[in-house]
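Peer 1: Letter by letter, the chains look like this.
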Amino acid sequence: MIAHLTVVLVESTYLMRAGIEKLLSELPGLVLREVFDGTEKNLSGKIKEIKPDLVIVNCQIDQQIQMSLVNSLNAEHGIVQIGLTNETTPLNISSRFSHILNSNEGKFELLEALRKIIGKRGIKNEAEKDQQNLTARELTILKKVALGLTNQQIADELFLSIHTVMTHRKNITKKLGIKTVSGLIVYALMNKLVEMGEIERSKK
Amino acid sequence: MKLADVVHHDHMLIPVINRFGIHLGFGDKTIEAVCKEKQVNIGFFITIINAFHDSQYFPKQHLQSFPASMLVDYLLKTHQYYIEDKIPEIEGLIRKMTVNAKSNEASYLLAQNFFTEYKNELTAHVEREEKRVYPYAITLEEAIKTGLVSDALLQQMNAYSITEYEAEHENVEEKLFDLKNIIIKYLPAPSNDQLSFHILDELFMFEKDLNEHARIENMILIPKVEAMEFELKNRGQ
Chain A
10 MIAHLTVVLV
20 ESTYLMRAGI
30 EKLLSELPGL
40 VLREVFDGTE
50 KNLSGKIKEI
60 KPDLVIVNCQ
70 IDQQIQMSLV
80 NSLNAEHGIV
90 QIGLTNETTP
100 LNISSRFSHI
110 LNSNEGKFEL
120 LEALRKIIGK
130 RGIKNEAEKD
140 QQNLTARELT
150 ILKKVALGLT
160 NQQIADELFL
170 SIHTVMTHRK
180 NITKKLGIKT
190 VSGLIVYALM
200 NKLVEMGEIE
210 RSKK
Chain B
333 MKLADVVHHD
343 HMLIPVINRF
353 GIHLGFGDKT
363 IEAVCKEKQV
373 NIGFFITIIN
383 AFHDSQYFPK
393 QHLQSFPASM
403 LVDYLLKTHQ
413 YYIEDKIPEI
423 EGLIRKMTVN
433 AKSNEASYLL
443 AQNFFTEYKN
453 ELTAHVEREE
463 KRVYPYAITL
473 EEAIKTGLVS
483 DALLQQMNAY
493 SITEYEAEHE
503 NVEEKLFDLK
513 NIIIKYLPAP
523 SNDQLSFHIL
533 DELFMFEKDL
543 NEHARIENMI
553 LIPKVEAMEF
563 ELKNRGQ
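Residue numbers (our numbering), protein chains in the order written: chain A, 10 to 213; chain B, 333 to 569.
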């Protein structure tokens with residue numbers, strides 16, 4: 010329900026992959042979209058196509074591949090690169106990355122480091138926004154949905170474009186955590202936004 | 333490995349094991365011995381319980397190598413478990429919650445009706461699968477085995493697309509999602525916390541089971557049917 014940050018991982022060993030995946034799953038809002046092992050052709054092109062928010066790269070992958078990947082992703086705006094290091098990683102390599110995750114750290118420290126990196130991307134604000142109450146406009150639309158009006162009918166009545174109505178509906182679903190029309194009807198009835206009688210009448 | 337150790341390791345597998353006609357009381361027998369006794373394909377059994385236990389473990393190609401009839405048999409048993417056991421059980425619990433509600437009865441009745449609606453949708457979906465999708469998969473498999481493709485089957489292959497029913501899964505999933513939120517967030521505080529917990533616990537488990545069921549249909553059975561359709565069409569030419 011929270012706006013997601015897309016993550017791509019470049020890591021060749023199964024055990025590290027599994028560990029990173031586990032770590033990412035602990036933080037809400039992070040989605041691991043794709044894992045590469047570093048030997049793929051046109052790796053940076055493939056990653057750019059995904060348009061990830063975060064790219065995690067193991068510093069142990071082939072140096073030439075790593076250099077060209079880092080340089081090519083640096084040219085893209087909005088992609089945060091994280092280097093996965095250990096105690097043997099030389100400084101000239103780890104310094105290529107704007108952020109570092111030290112694989113020797115414990116779970117708590119790793120999560121803190123990731124939270125700091127994500128915090129800069131503003132995901133917290135998104136999460137908080139979800140919990141606000143419905144706006145007056147959203148309430149009006151919710152009532153009409155509960156009364157059985159289609160998106161087009163709602164758009165006509167409120168002089169809105171159907172596109173706008175759909176955006177409002179998406180936001181309602183996001184805020185309430187209710188996806189189906191009958192679920193929305195239940196919500197509207199429980200909160201006395203509409204009466205049972207109104208729904209019956211509008212069906213006729 | 334002993335089957336009892338499997339259950340100790342993950343007791344949520346009990347309903348899955350039941351679907352293979354294996355019931356508690358297997359003593360100290362190994363998986364192999366129990367499967368042999370019940371004439372269950374041990375490879376299939378182990379793959380299914382592993383996939384159920386660990387969502388990361390899903391060997392697609394390996395699962396697709398099992399005959400469609402075996403997959404369908406398992407899926408049918410799963411349906412039976414939903415319709416005959418799980419849904420009536422949850423329904424009973426929700427009724428009990430409504431009875432307990434007293435002054436908030438109206439809200440609880442709404443939730444109860446929502447569940448009834450969900451139940452009807454799920455039942456209709458299950459019936460469609462059992463009447464159309466599963467028999468179709470089995471007919472295709474037989475046609476491949478015997479090499480006999482009847483005109484009726486050819487017609488069916490052209491008229492009916494297996495992919496169309498995938499969208500239905502989504503609606504059934506969404507309703508369950510809504511029901512959980514209605515209970516967690518929107519119903520007035522329950523008079524019996526333990527009962528609400530019990531219902532939610534059942535719903536979360538049911539959801540997991542349904543997801544696993546849909547995963548086998550969407551990622552194993554449907555691709556398999558599509559591959560069989562492709563093979564038969566090519567043979568015909």
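Be aware that one or more of the hints could be misleading.
[What the hints assert, rightly or not] DSS-like, lysine-lysine: derived pairs with alpha carbons at most 30 Å apart: (1) A:LYS152 with A:LYS183; (2) A:LYS31 with A:LYS153; (3) B:LYS517 with A:LYS183; (4) A:LYS188 with B:LYS477; (5) A:LYS188 with B:LYS370; (6) B:LYS428 with B:LYS418; (7) A:LYS184 with B:LYS370; (8) A:LYS60 with A:LYS179; (9) B:LYS477 with A:LYS201; (10) B:LYS409 with B:LYS540; (11) A:LYS152 with B:LYS370; (12) B:LYS409 with A:LYS60; (13) B:LYS418 with B:LYS361; (14) B:LYS512 with A:LYS212; (15) B:LYS392 with A:LYS153; (16) B:LYS361 with A:LYS188; (17) A:LYS183 with A:LYS60; (18) B:LYS512 with B:LYS370; (19) B:LYS434 with B:LYS418; (20) A:LYS188 with B:LYS434; (21) B:LYS361 with A:LYS153; (22) A:LYS184 with B:LYS477; (23) A:LYS201 with B:LYS512; (24) A:LYS152 with A:LYS125; (25) A:LYS152 with B:LYS361; (26) B:LYS428 with A:LYS179; (27) A:LYS184 with B:LYS409; (28) B:LYS392 with A:LYS31; (29) A:LYS57 with B:LYS392; (30) B:LYS392 with B:LYS409; (31) B:LYS361 with A:LYS183; (32) B:LYS392 with A:LYS55.
It should be emphasised that the hints constitute simulated quantities derived from the structure, not laboratory data. Model, not experiment: these values are computed from the prediction.
Peer 1: Does each hint hold? Answer for all of them.
Peer 2: A quick look at each hint next to the structure:
Taking the CA atoms of LYS152 of chain A and LYS183 of chain A, the gap is about 16 Å. The hint holds against a cut of 30 Å. A C-alpha spacing of about 43 Å is found between LYS31 of chain A and LYS153 of chain A, which places the hinted pair above 30 Å, so the restraint is violated. Distance check on the hinted pair: LYS517 of chain B and LYS183 of chain A sit about 14 Å apart at the alpha-carbon level, within 30 Å; holds. At roughly 44 Å between alpha-carbon atoms, LYS188 of chain A and LYS477 of chain B are farther apart than 30 Å, so this suggested pair is violated.
Straight-line distance between C-alpha atoms of LYS188 of chain A and LYS370 of chain B comes to about 43 Å, which puts the hinted pair past the 30 Å bound. Distance hint between LYS428 of chain B and LYS418 of chain B is fulfilled; the C-alpha atoms sit about 16 Å from each other, no more than 30 Å. Restraint check for LYS184 of chain A and LYS370 of chain B: the C-alpha separation of about 50 Å exceeds 30 Å, so the hint is violated. Restraint check for LYS60 of chain A and LYS179 of chain A: satisfied, since their Cα atoms lie roughly 23 Å apart, inside the 30 Å limit.
Taken as a hint, the LYS477 of chain B and LYS201 of chain A pair is broken in the structure, with Cα atoms around 61 Å apart against an allowance of 30 Å. With a C-alpha separation of about 16 Å, the suggested pair LYS409 of chain B and LYS540 of chain B falls inside the 30 Å cut-off, and the hint holds. For a cut-off of 30 Å, the pair hint linking LYS152 of chain A to LYS370 of chain B is broken: about 56 Å separates their Cα positions. Between LYS409 of chain B and LYS60 of chain A the CA atoms are separated by roughly 43 Å; this puts the pair beyond 30 Å, and the hint is violated.
Using a Cα cut-off of 30 Å, the hinted pair LYS418 of chain B and LYS361 of chain B holds, with the two alpha carbons roughly 28 Å apart. Restraint check for LYS512 of chain B and LYS212 of chain A: the C-alpha separation of about 27 Å stays at or below 30 Å, so the hint holds. Distance restraint check for LYS392 of chain B and LYS153 of chain A: the Cα-Cα separation of roughly 45 Å exceeds the 30 Å cut-off, and the hinted pair is therefore not satisfied. A hinted pair counts as satisfied when its Cα atoms are at most 30 Å apart, and LYS361 of chain B with LYS188 of chain A does not qualify at roughly 47 Å.
In summary, the hint linking LYS183 of chain A to LYS60 of chain A is supported, as the alpha carbons are separated by about 23 Å, within the 30 Å threshold. Between LYS512 of chain B and LYS370 of chain B, the direct Cα distance comes to roughly 37 Å. Violation of the 30 Å bound is thereby established for this hinted pair. Between the alpha carbons of LYS434 of chain B and LYS418 of chain B the distance comes to roughly 26 Å, so the proposed pair stays at or under 30 Å and holds. Distance hint between LYS188 of chain A and LYS434 of chain B is fulfilled; the C-alpha atoms sit about 28 Å from each other, no more than 30 Å.
A distance of roughly 61 Å separates the Cα atoms of LYS361 of chain B and LYS153 of chain A; the hinted pair therefore is violated under the 30 Å criterion. Distance hint between LYS184 of chain A and LYS477 of chain B is unfulfilled; the C-alpha atoms sit about 53 Å from each other, more than 30 Å. A C-alpha spacing of about 20 Å is found between LYS201 of chain A and LYS512 of chain B, which places the hinted pair at or below 30 Å, so the restraint holds. With a C-alpha separation of about 41 Å, the suggested pair LYS152 of chain A and LYS125 of chain A falls outside the 30 Å cut-off, and the hint is violated.
Distance check on the hinted pair: LYS152 of chain A and LYS361 of chain B sit about 60 Å apart at the alpha-carbon level, beyond 30 Å; violated. For the proposed pair LYS428 of chain B and LYS179 of chain A, the alpha carbon gap of about 34 Å is over 30 Å, so the pair is violated. Restraint check for LYS184 of chain A and LYS409 of chain B: the C-alpha separation of about 38 Å exceeds 30 Å, so the hint is violated. For the suggested pair LYS392 of chain B and LYS31 of chain A, the alpha carbons sit about 22 Å apart, so the restraint of at most 30 Å is met.
Between LYS57 of chain A and LYS392 of chain B, the direct Cα distance comes to roughly 28 Å. Compliance with the 30 Å bound is thereby established for this hinted pair. Using a Cα cut-off of 30 Å, the hinted pair LYS392 of chain B and LYS409 of chain B holds, with the two alpha carbons roughly 21 Å apart. Simply put, LYS361 of chain B and LYS183 of chain A have alpha-carbon atoms about 50 Å apart, too far for the 30 Å limit, and the pair is violated. Pair hint LYS392 of chain B plus LYS55 of chain A holds up; C-alpha atoms about 24 Å apart against a cutoff of 30 Å.
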